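Chain residues, written in single-letter form:
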Amino acid sequence: QKEVEQDPGPLSVPEGAIVSLNCTYSNSAFQYFMWYRQYSRKGPELLMYTYSSGNKEDGRFTAQVDKSSKYISLFIRDSQPSDSATYLCAMSGNTNAGKSTFGDGTTLTVKP
Amino acid sequence: NAGVTQTPKFQVLKTGQSMTLQCAQDMNHNSMYWYRQDPGMGLRLIYYSASEGTTDKGEVPNGYNVSRLNKREFSLRLESAAPSQTSVYFCASSERLNLPDTQYFGPGTRLTVL
Chain S
60 QKEVEQDPGP LSVPEGAIVS LNCTYSNSAF QYFMWYRQYS RKGPELLMYT
110 YSSGNKEDGR FTAQVDKSSK YISLFIRDSQ PSDSATYLCA MSGNTNAGKS
160 TFGDGTTLTV KP
Chain Z
3 NAGVTQTPKF QVLKTGQSMT LQCAQDMNHN SMYWYRQDPG MGLRLIYYSA
53 SEGTTDKGEV PNGYNVSRLN KREFSLRLES AAPSQTSVYF CASSERLNLP
103 DTQYFGPGTR LTVL
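Chains S and Z supply the protein sequences, listed in that same order.
If you read the first sequence in my numbering, its first letter stands for residue 60, the second for the next number, and so on.
If you read the second sequence in my numbering, its first letter stands for residue 3, the second for the next number, and so on.
The following block holds chain S by itself, in its conformation from the complex:
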């Protein structure tokens, strides 16, 4: 069983929809939770990261972490065609926190 499982998608939504992207994990040592966005044929770029449980908001993006359920989510409000990309969750522990374990990614298409 993988340490990090991500909803596989693909996901297709109309412009303006609220999008929910989700990951579950099994390693209780994970403390840092990241979301990366990867456009086609590009390298991933960090969208947001949170430490431990709670919510973090950045513009139209909200990251949620529920450590008791070992479940994290990324919400995108008022989705735009420019949000069309693959979204990767990633997690790491306190030790060697720069070494992250990645989910397989969810591909999102936002249709105008």
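Hints are computed from structural coordinates only; laboratory data are not their basis.
Incorrect hints may appear among the rest.
Partial chain Z-side listing against chain S, Cβ under 10 Å, derived [what the hints assert, rightly or not]:
id, residue
1, G18
2, L45
3, Y50
4, G60
5, F92
Quick caveat: nothing in here was measured; it's all calculated off a predicted structure.
Beta carbons are placed, not taken as given, at the ideal position from N, Cα and C, and that holds for glycine.
Since the structure of chain S is provided, determine the placement of chain Z on it from the hints.
Showing chain Z alone in chain S's frame:
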């Protein structure tokens, strides 16, 4: 400020050939990483270098070697390429290994082994 650069962008090899993938960063980062990404899969860590002069194995190191040439450069070598090594290879860097710093990724090298 170019960030993380990788060469080449594309490469086709025959089984058994060798090659070196080059990576350089200009952000004065201490830690550097090599990942591979296969279709429909996330990133898997091949090797990493916590700081200049050190390298360590990641999740999938077999068939690869690395060299941290200096603080800026981290190369990945395939000594005898196999079709299973067909993948997209990403280099990344971060300020330090023991902080969840932003990892900055390069644009990737698309490798096909026939």
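Unsatisfied constraints (hint numbers, rising):
1
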